[in-house]
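Trainee: Kindly produce the complete structure, drawing on both the sequences and the hints.
Residues 4 to 243 in the working numbering are what the sequence shown lists, from first letter to last.
Heads up, a few of these hints could be off.
Distance condition first, Cα-Cα at most 30 Å in a straight line; then the derived DSSO-like pairs of lysine-lysine [said to hold, decoys possible]:
hint	residue 1	residue 2
1	120	163
2	227	163
3	163	58
Per label pair, the in silico range of CB-to-CB distance [claimed, not checked]:
hint	residue 1	residue 2	range
4	84	25	33 to 39 Å
5	66	144	42 to 48 Å
6	74	36	23 to 29 Å
7	220	66	49 to 55 Å
8	64	175	22 to 28 Å
9	84	223	49 to 55 Å
10	134	226	26 to 32 Å
11	199	31	38 to 44 Å
12	128	23	18 to 24 Å
13	159	64	44 to 50 Å
14	79	201	31 to 37 Å
15	91	57	22 to 28 Å
Hint data in this document are derived by calculation from the structure and do not stem from the laboratory. For each residue, glycine too, the CB sits at the ideal point set by N, CA and C.
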Amino acid sequence: MIDPKETPALYLFPVPLSLEATIAGSLPAENTAVLRGIRHFIVENVRSARRFLKKCCRDIDIDSLTFTVLDEHTDPAEVPAMLEPLERGESIGVISEAGCPAVADPGADAVAAAQRKGFRVVPLVGPSSILMSLMASGFNGQSFAFNGYLPIEAKARAAKFREMERRIRSERQTQIFIETPYRNNRLVDELCRTLPGQMLLSVSFDLTGPRESARTMPLSKWAKTPYDFSKTPAIFLLFS
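Mentor: Structure below.
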């Protein structure tokens with residue numbers, strides 16, 4: 004078992020994807036054991052990080068821990084200083100809002116800084132919505148691209164749709180992307196109206212949560228099927 008006190012490193016802690024998912028059902032027990040040995044954390048959100056730590060270790064002394072926020076608003080110039088505990092030989096944990104830190108997540112900046120300084124980086128096992136949705140889609144798992152959030156501006160958004168369609172057809176590459184939950188339904192409608200009806204859309208919704216679903220259908224069928232993906236994170240995949 005890893006002992007973060009004996010092996011100083013930047014430890015990357017995955018977080019359950021759903022607020023209603025259990026720790027035992029999402030993460031290996033070793034993750035919790037490693038958490039207990041760390042006193043310094045780089046987090047995307049202090050409140051949710053504290054809640055996660057309490058779910059992992061009910062007896063943990065939260066007030067004895069230090070938290071540094073690294074989010075989308077953080078100045079990149081501030082990141083190297085966040086690694087100061089590692090300079091003293093003390094481990095640091097990285098915790099994102101959900102899923103794997105540093106994957107479509109600001110924690111990547113901390114990992115990059117640690118790699119530049121030659122510190123050890125240890126990724127721990129846990130759920131990734133990108134990989135879980137790809138596993139469930141039936142699409143090409145040899146070549147795929149995660150596009151993050153699509154552009155909001157209409158012209159740029161239309162161009163992105165055309166680019167993804169081209170890459171699917173020319174490279175047989177699965178295209179993966181996300182949307183703000185309250186716009187999920189609008190996105191599906193937009194895809195049905197914009198892209199060819201035979202193109203396949205897979206939607207993974209509330210992964211690891213009580214309403215979890217992963218469904219793949221042609222866009223022509225999605226256009227005729229009732230659905231409601233609002234208010235809960237979903238991830239979208241296109242293929243043909």
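Trainee: Each hint needs a verdict: does it hold in this structure or not?
Mentor: Against the structure, the hints come out as follows:
Between residue 120 and residue 163 the alpha-carbon distance is near 36 Å, which puts this suggested pair outside the 30 Å criterion. Using a Cα cut-off of 30 Å, the hinted pair residue 227 and residue 163 holds, with the two alpha carbons roughly 24 Å apart. Simply put, residue 163 and residue 58 have alpha-carbon atoms about 40 Å apart, too far for the 30 Å limit, and the pair is violated. A hinted range of 33 to 39 Å for the beta carbons of residue 84 and residue 25 is consistent with their spacing of about 36 Å.
Hint check: residue 66 to residue 144, Cβ distance near 44 Å, so the stated range 42 to 48 Å holds. For residue 74 and residue 36, the Cβ-Cβ distance of about 27 Å falls inside the hinted range of 23 to 29 Å, so the restraint holds. Distance hint check for residue 220 and residue 66: the Cβ-Cβ separation is about 50 Å, which falls inside the suggested range of 49 to 55 Å. Checked against the hint of 22 to 28 Å, the C-beta distance between residue 64 and residue 175 comes to roughly 52 Å, which is inconsistent with it.
At roughly 53 Å, the beta carbons of residue 84 and residue 223 sit within the given window of 49 to 55 Å. At roughly 28 Å, the beta-carbon separation of residue 134 and residue 226 lies within the given 26 to 32 Å, and the hint holds. Distance hint check for residue 199 and residue 31: the Cβ-Cβ separation is about 42 Å, which falls inside the suggested range of 38 to 44 Å. Taken as a hint, the range 18 to 24 Å holds for the pair residue 128 and residue 23, whose Cβ atoms sit roughly 21 Å apart.
Remark: the range hint 44 to 50 Å for residue 159 to residue 64 is upheld by a beta-carbon distance near 48 Å. With their beta carbons about 43 Å apart, residue 79 and residue 201 fall outside the hinted range of 31 to 37 Å. Residue 91 and residue 57 have their C-beta atoms about 26 Å apart, which keeps the hinted 22 to 28 Å range intact.
Going down the numbered hints, you'll see the structure goes against 1, 3, 8 and 14, while the others check out.
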